[in-house]
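Undergrad: Make a model of the complete structure from these sequences and hints.
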Amino acid sequence: MADQPTGPVSAPAQTGHMLERARWAARAFASYSQGDVDRIVRAVADVAHANAQKYAEWAVKETGFGVVEHKVRKNQACSRGLLDTYAGQDFVTPRVRVDDKIVEVPRPAGVVLALTPSTNPVATVFFKVILALMTRNAVVVSPHPMAKECCHDAAQLLARAAVEAGAPDGIVQSVAEPTIPLVESLMGDQRTNVILATGGTGVVRAAYGSGNPAIGVGPGNVPVLVDASADVRAAAQRLVESKAFDNSVLCTNESVLVVEQAVADRLVREMERAGAAVLGPDDAQRLRDYMFPYGRLNVDVVGKDASWIAQQAGIRVGPRTKVLVAPFEVAVPEEPLTHEKLSPVLGMIRVPDAVTGIATARAIVRIAGAGHSAAIHSSDPATVMRYAAEVPVLRVSVNVGNSTGSSGLDTNLAPTMTIGTGFVGRSALGENLQPKHLVNWTRIAYNSDPAEAMPAYGGLSPWRDHHDPVPAYPLASNDDRGLDGLDQRGAHVDALVDRIGARTGGATSGDDAAFREQVRRLVVEELSHLIKG
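Under my numbering, the final residue of the sequence shown carries the number 534; numbering is consecutive throughout.
You can trust all of the hints, since none of them are fake.
Okay, derived cross-link-like pairs now, SDA-like style, lysine to any residue, Cα gap no bigger than 25 Å in a straight line:
id : residue 1 : residue 2
1  : 323       : 220
2  : 55        : 70
3  : 55        : 69
Hints are computed from structural coordinates only; laboratory data are not their basis. From a predicted model like this one, the values you see are computed outputs, not experimental measurements.
TA: Here it is, written out as structure tokens:
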């Protein structure tokens, strides 16, 4: 149901098959009511939540990244957690603005291509599929090759749940064997309406260069400032927990700790009590040499635990060490510890005061991570405000671990696995990705002259409830049997005509046969275009 064709099929042929099915499903789904959408989304979220543990274990086993219990939390947050977050929000029913004399009719994007990463694989599949379904879109999941098995299986599970709840067949599909030609073909095809690109810089740039609308994200490199007014013990505990969360594979994890000198020694002691190992100069250099052997991050460290990294670098730490803290002196691009690490390794620099700390955090973000996020532990609102104004990021979490803060798990930001970095980060999205970003609104605007009345639209909707079975996808776009194949599928065509007649209330008795023949001719013509395409 959610698989791509098997066997030696070319990338364009696979693309055509998947996207034509998705386009057909999206057209059908676009007529569903809010009640239908609620039923389908709940069914999908429930099955995702029930399998959160299974896919957390599978993702860690397949990729070697992260911590199972933390991935369980992310999977749960991106399933039923999304239902709780958006409960009561309606992306389906027309909105009537009486005072403005405007009626807004929702228009789904259509076919969403969801590129998912290896670091947060199944959580991102859950997240993007549910957002697409909330807004009546079809979605094609293209997983990272390192996580293709768990992601493909998860997408198939969600697809079955959606169809069993009444969604059109093909509403959720997945690429079983992702290849560069296939993904490029999916991104560049005109039947793809929008690309959701979560992954490395290369993937995001390819999405933006595809010629189709794309919502991409920039890299993170989060500075965290601890000023003299902070609750030092609480800050230390939160920092260690956040940095150890899923072994720092979330792009929101803290990368560089900037601490005011007045509280630096106390913060170090508290972090050590919480499970951090603060390294001396020699061990910090050994860590640099191992993690950045040629000035670039050694990807072997991504998602690994702190004690494993220390062992590989020749550093002796306790077996229960959660985080490695490596001090450095100057925040410049040539210092490897100022760059993103995607591992439980935290650079640390001391500053004389909060003003210098803000300037240092700004320097860190200018090296990498513009537009992404930053954190601060402080009880001084003036410092927090200045920090947010001067550091070029679009989300600042306060007195909370940033791994779960900026991603919306421990704050009231929208929970997300896709962080928009806005104009400063070369992204089309400046917020955490939300359902509202996958729907446009057609606006019916009446004459503003008070003498020109707008009629009542309350309760009107162009959609209807779907309680009857959904017809099967009528014809694969790569079916090579020609127009004769339409006769073999005549039953499908007749069933569609019957459904259309019932939906419109039929025609008058004298015109019924002509009406049915006209509709049948239109359906056959549509299918013939699919074959020729």
